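S.K.: These are the residues of each chain, in order.
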Amino acid sequence: MDPAELSLFSAPPMGEQERMVEAVLFASSEPVTLFDLQRRMPQGCDPAEALAHLRRRYEGRGVHLVQIGPAFAFRTAPDLGHLMLKETVETRKLSRAAIETLAIVAYHQPVTRAEIEEIRGVAVSRGTVDQLLELNWIRLGRRRMTPGRPVTFVVTETFLDHFGLESARDLPGLKELRAAGLLDSRPLPDMTAAPDEDDSAPSDQSDLFED
Amino acid sequence: MDPAELSLFSAPPMGEQERMVEAVLFASSEPVTLFDLQRRMPQGCDPAEALAHLRRRYEGRGVHLVQIGPAFAFRTAPDLGHLMLKETVETRKLSRAAIETLAIVAYHQPVTRAEIEEIRGVAVSRGTVDQLLELNWIRLGRRRMTPGRPVTFVVTETFLDHFGLESARDLPGLKELRAAGLLDSRPLPDMTAAPDEDDSAPSDQSDLFED
Amino acid sequence: MAQTDDWIQRSSAADRLAEEALIIDVEGFEGPLDLLLTLSRTQKVDLRRISVLQLAEQYLKFVNRVVALRIELAADYLVMAAWLAYLKSRLLLPPEPGEAGPSAEDLAAHLAFQLERLSAMRDVAARLMARDQRGRNFFARGQPEAASIHRALRYDASLLDLMRAYARIRTRDDFRPYAFDREHVFTMEQALDRMRGLMGYMGAWSDLTSYLPEGWATSPTRRRSATAAHFAAVLEMAKRGQVELKQSEIFAPLLMRAKGEV
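Chains as they are written, first to last, in numbering that gives the first Met the number 0: chain A, 0 to 210; chain B, 0 to 210; chain C, 0 to 261.
Bound-form chain A, shown alone (with noise of 0.2 Å):
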């Protein structure tokens, strides 16, 4: 018996081939031309009828199998278009001086904008507080009770939810930071200067500018 004979009849009976073609449309990132489908199953196998069979029973249902120019892929049913509408969200990272100026807020609560802006080095953009004030992760807080009365700004619930925290005081301190990984492993020659302050940083701090 020769290879090609012993292929075919080893060829995986029709279910299989469908099945295979259904999981390499599902996940190829583009059509599938009949040739790639020959290419990547068994000797011996029938794309053509197991896409036939596949094109079958997915008809009616959420998703159609479809031609595109030579190639094949799922696509949604056209009547349910309307469900994909809020698949398009588009997730954006935070700016680095809106995510620092997050990270401030709930490190240091209840904080004034000058307090921030003393802690960045740079001065905050209204756009970047008007950003976070949106996302409602921040809020304003009581009014510091010092000349001018300034507004603070904390964290809210939304923010405590999002981050997966019981509360701000779940921060971890600069020490489990660099436990963590997440600091420099350079050699900070301040560090053993000022231990304490690392630590209570998240419990702390609610009071740090309160005088």
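Think of the hints as simulated: they come from the structure by calculation, not from any bench. If you're wondering where the values come from, they're calculated on a predicted model, not measured in any experiment. Hints may contain errors.
What the hints assert, rightly or not - Pairs of lysine to any residue residues, derived as SDA-like cross-links and limited to a Cα-Cα distance of at most 25 Å, are as follows:
#1 Lys92(A) with Ser157(C)
#2 Lys92(A) with Gly140(B)
#3 Lys85(B) with Arg167(C)
#4 Lys85(B) with Lys92(A)
#5 Lys85(B) with Ala129(C)
#6 Lys85(B) with Ala167(A)
#7 Lys92(A) with Arg167(C)
#8 Lys174(B) with Leu197(C)
Let chain A serve as the given structure and place chains B and C on it in line with the hints.
M.R.: Okay, now just chains B and C, sitting in the frame of chain A:
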């Protein structure tokens, strides 16, 4: 007729709901939560039931409906992985230390760094934890309510998705380990004899995996 | 070591070879517990039935041989050796009446537990990695559909991002250069500006210190700063050929005058 009843009557038939769930899950590469499905579908729909139907429908097919924590997704059947060579992503090989640390977090979660070190008998390097955090396979959990309030680590849904687990309860061998007492926290018998000091450690399996 | 050899059943050639390999491979162990676990395998029994006494003997023998071969051992191996030597003596001697603390059996049981637990975690780690994995054995939809006109923007950040940001700020703080108290510092640039303005009024040789600005000659800190700044400034001016300097001896007053044609 009250509004609840009205929307109940106007809910699409189950076959239609099934199509909707199918379309939404097919369109997304990441798991979709039940809540999200509910939100997208017309009022009065029962996505949970639709999911159950759909799951049965895809049994034995080339793609499966799987549950990942509180969310659902379609994934190709594992036995067909060999056809997908083109889609295979080359993953960075994890070090032995990283693999063991990952397993300890998965089976002992929530677990502190000190506990990981106790179990492995060696210090856990920063890089190891960092790598697992980067992969988004572990994350910070709640702080332990013991002196120093150390941070804990837990595994993520990305971890579950990656290893095809419905929940952390489905980890291989979990039951046997628990039955053998190997997940208990058993501190070294103290030379200075202070028996019940370490009570609040992770021995409390009741809230294990609750996070 | 004769006593030790009584303890360990006559080892086969293969076992001895294995031991040799251990010594050469001492670097390959991840600490004493890892080594103990490997040694325990030679007992070929369930970890629950392991003889801790025998294991302690094996470990001590191993450490002794490594030390005899002058191979550097990390401190934790030696700490473990000391602890096991202590445990061994406790296990061999009858307990003192009225002795406080955990019994030797408790300590031995705990060690056995640690070994069993480490071994179990390694087993499950291997089982975990042997599972079907996303991107290797099974796959997500390769072509998620997002063809829609409606485009909502959602900002996201993880706790990790947040902590990194904070760490970044705090680390930056550590590196921020020491901020001078500018009030008591007179810069060379200031001095240069000043002296340039005064040059027209310079007559005969006069002492540099007589040029210090008002309010900078009394307080020692300010005086020091202003003198240094002015000294540097006139050096600069001398280099440019604008002034002449002279000093009769070390620490003598520094005299200066404008150079001829200014």
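S.K.: A separate judgement is required for each hint: does it hold in the structure or not?
M.R.: Verification of the supplied hints:
1. Between the alpha carbons of Lys92(A) and Ser157(C) the distance comes to roughly 9 Å, so the proposed pair stays at or under 25 Å and holds.
2. At roughly 22 Å between alpha-carbon atoms, Lys92(A) and Gly140(B) fall within 25 Å of each other, so this suggested pair holds.
3. Of the pairs offered as hints, the one joining Lys85(B) and Arg167(C) is violated, with about 39 Å between alpha carbons and a cut-off of 25 Å exceeded.
4. A distance of roughly 30 Å separates the Cα atoms of Lys85(B) and Lys92(A); the hinted pair therefore is violated under the 25 Å criterion.
5. Distance hint between Lys85(B) and Ala129(C) is fulfilled; the C-alpha atoms sit about 21 Å from each other, no more than 25 Å.
6. Distance hint between Lys85(B) and Ala167(A) is unfulfilled; the C-alpha atoms sit about 45 Å from each other, more than 25 Å.
7. For the proposed pair Lys92(A) and Arg167(C), the alpha carbon gap of about 17 Å is at most 25 Å, so the pair holds.
8. A C-alpha spacing of about 90 Å is found between Lys174(B) and Leu197(C), which places the hinted pair above 25 Å, so the restraint is violated.
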